[in-house]
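Peer 1: Chains as they are written, first to last, in our numbering: chain A, 1 to 330; chain B, 1001 to 1330.
Since the hints were made in silico from the structure, they are not lab data.
Owing to the predicted nature of the structure, the values given are computational and were not obtained by experimental measurement.
Don't be surprised by glycine CBs; every beta carbon is placed ideally from N, CA and C.
Check before you lean on any hint, since a few could be wrong.
Claimed, not checked - Partner residues are not named here, just some residues of chain B that face chain A (Cβ under 10 Å, in silico): (1) Met1021; (2) Leu1050; (3) Gly1106; (4) Asp1124; (5) Asp1130.
Claimed, not checked - Listed below are the simulated EDC-like cross-link pairs for lysine to aspartate or glutamate, each with C-alpha atoms no more than 20 Å apart in a straight line: (6) B/Lys1240 / B/Glu1252; (7) A/Lys143 / B/Asp1039; (8) A/Lys311 / A/Asp257; (9) B/Lys1153 / B/Glu1303; (10) B/Lys1153 / B/Glu1278; (11) A/Lys143 / B/Asp1036; (12) B/Lys1143 / A/Asp39; (13) A/Lys153 / A/Glu303; (14) A/Lys309 / A/Asp257; (15) A/Lys309 / A/Glu248; (16) B/Lys1143 / A/Asp36; (17) B/Lys1240 / B/Glu1318.
There are 2 protein chains.
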Amino acid sequence: MVEGLGERRIIEILLRQLEVMPGVPVPLGDDVSAIDLNDGRLAVMKTDMLVGRTDVPPGMSLWQAARKAVIMNVSDLAAKGVRPAAILASLGLPRGLTEGDVEQIGRGLNDGAREYGAYVLGGDTNEASDLVISCAAFGTCEKRFFMRRSGAKPGDLVAVTGPFGKTAAGLKVLLEGLPASPKVRETLVNAVLMPRARLQEGLALAQTRAVTASIDSSDGLAWSLHEISRASRGGFTIEKLPIAQEAEEFAEAHGLDPAELALYGGEEYELVITVKAELWKRVEEAVKKVGGSLTKIGLATREPAMLFKGKEGAVPIEARGWEHFKPHSK
Amino acid sequence: MVEGLGERRIIEILLRQLEVMPGVPVPLGDDVSAIDLNDGRLAVMKTDMLVGRTDVPPGMSLWQAARKAVIMNVSDLAAKGVRPAAILASLGLPRGLTEGDVEQIGRGLNDGAREYGAYVLGGDTNEASDLVISCAAFGTCEKRFFMRRSGAKPGDLVAVTGPFGKTAAGLKVLLEGLPASPKVRETLVNAVLMPRARLQEGLALAQTRAVTASIDSSDGLAWSLHEISRASRGGFTIEKLPIAQEAEEFAEAHGLDPAELALYGGEEYELVITVKAELWKRVEEAVKKVGGSLTKIGLATREPAMLFKGKEGAVPIEARGWEHFKPHSK
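Only chain A is shown next, with the shape it has when bound in the complex (with noise of 0.2 Å):
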């Protein structure tokens, strides 16, 4: 991002700044900051900004842009298991908007939220050269419910809540215009400009306090998988890359590699979790009860190396994440 400085150095920088509060119940650097309501609750919240240059590719309208600004903030409550209750919104309009984009904004700020339960409580506007759109969620949840990323145990088994690939698959349908069938094109452009978060998956992996780590994907499964790797202090063992149906036919047909588009995507908001192998059954369950898949993809290990054991053999897996939608960033 920044010439010369990349987003981690930038982090780091930051957080080198920050007095730590003392007895804070969740770690700097983690997907959501949280305060102890000191009666077993925690109020939970995050904020994330999403940049029209950076996160709003074309064929994205205002409605869907305010909508993921939304998304991208209830993903990571989504992770830790928490509910959001409120949405607030910061917006940096650029000049020239009409009344009907600034409706357009309005409604997909709100649209985002009820879909996941919550309401925009409130906000603030300004003129900005760039479209931003800074949300803020806030939600409370049990203290003993709180889904970390650093409890990954070796043994524990690593699992995800959908297939991956298809938003950078879609990404380069709208950047790069590759063709794609119809209706592979629009099941990956439907993956960038209408992505959902894994809320009632959250919730219910939270309940079954069998999750040991757990994170959202939105940075790619690999920058996931090394995250919590980071966090637990130990490495996974890839057996099964969750490739998207689509996302394969579509690497085929333009002699990508598959793997790329699904270990270093982003803008992918499954959950990645690890689990206590044997309470597995009744994760799966749980997540089964609410709508939703859990798929097995490989094991936590002691030794940190991050490893994709496919019939080639072994393959690490990098520490990065998509690189083109955002040249700079990590």
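With chain A's structure known, arrange chain B on it following the hints.
Peer 2: Same frame as chain A, now just chain B:
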């Protein structure tokens, strides 16, 4: 702000799109938003965005800008009598920032939060054309102490926590290069670069339970009075304009109207409150106890008129704010 559409119109359009949370404890459009924690407490939150282009005058360092982005949010919580616990910060960073720049921003956020007992708990970084610092402040309070802007009753006294006009004058120094004596200049410029939120005053005021309406004056004294009047459905007769000595001197030296500076400035973070007349002494004492001061400036009236009754008769106080620095706002 956005060409053709004023900020008020934009907010109207946005608010029209939002479904209202059943039983929401604070109406949309108040200084803060809140959720009922169902145990006598409210979770109170606020988001406000600083945009470099419109909110950072020449002479303001990045440390000061980041600190100010925090103060803006703390001030709104202060006006409600809520202690800020956590600050989140979403950053849009232009290319070309140095490590030192990022450090200044991080320190400014931290120092702004710590100044009021809060901690920065998280955030998000992005690349953007403008410098954008969007903060969200969060705190809890007992519901019975929460101060609204809607409770002013005819006969209530109107009071402020400090004098006005320094920021408007300071901006004229910084933006237009108007001269002032070193001592006056320092006070005026300092008001712009190092704003302070009246948190101790706000907390003390809330405890008295004698305050019927409260708002911060970040959009200017006149604007704040009009907001209380709109929410409380009454008017005000202002008998004494709380003009800062330095603003008075500066106005005189430059042939400016000091009342204009005090009424229609902005970016000032005093509290504007109404108080039950019979409880004035108690309220005044409470603020004195925390090292602050309260100045009576007028009376709430049944008629919705907003008048300044000076030596030259009654003049209407208009519903407008500072329009120089943010040429399109309001």
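Peer 1: For each hint given before, does the structure comply? Return the numbers of the non-compliant ones in rising order.
Peer 2: Violated hints: none at all, because every hint is consistent with the structure.
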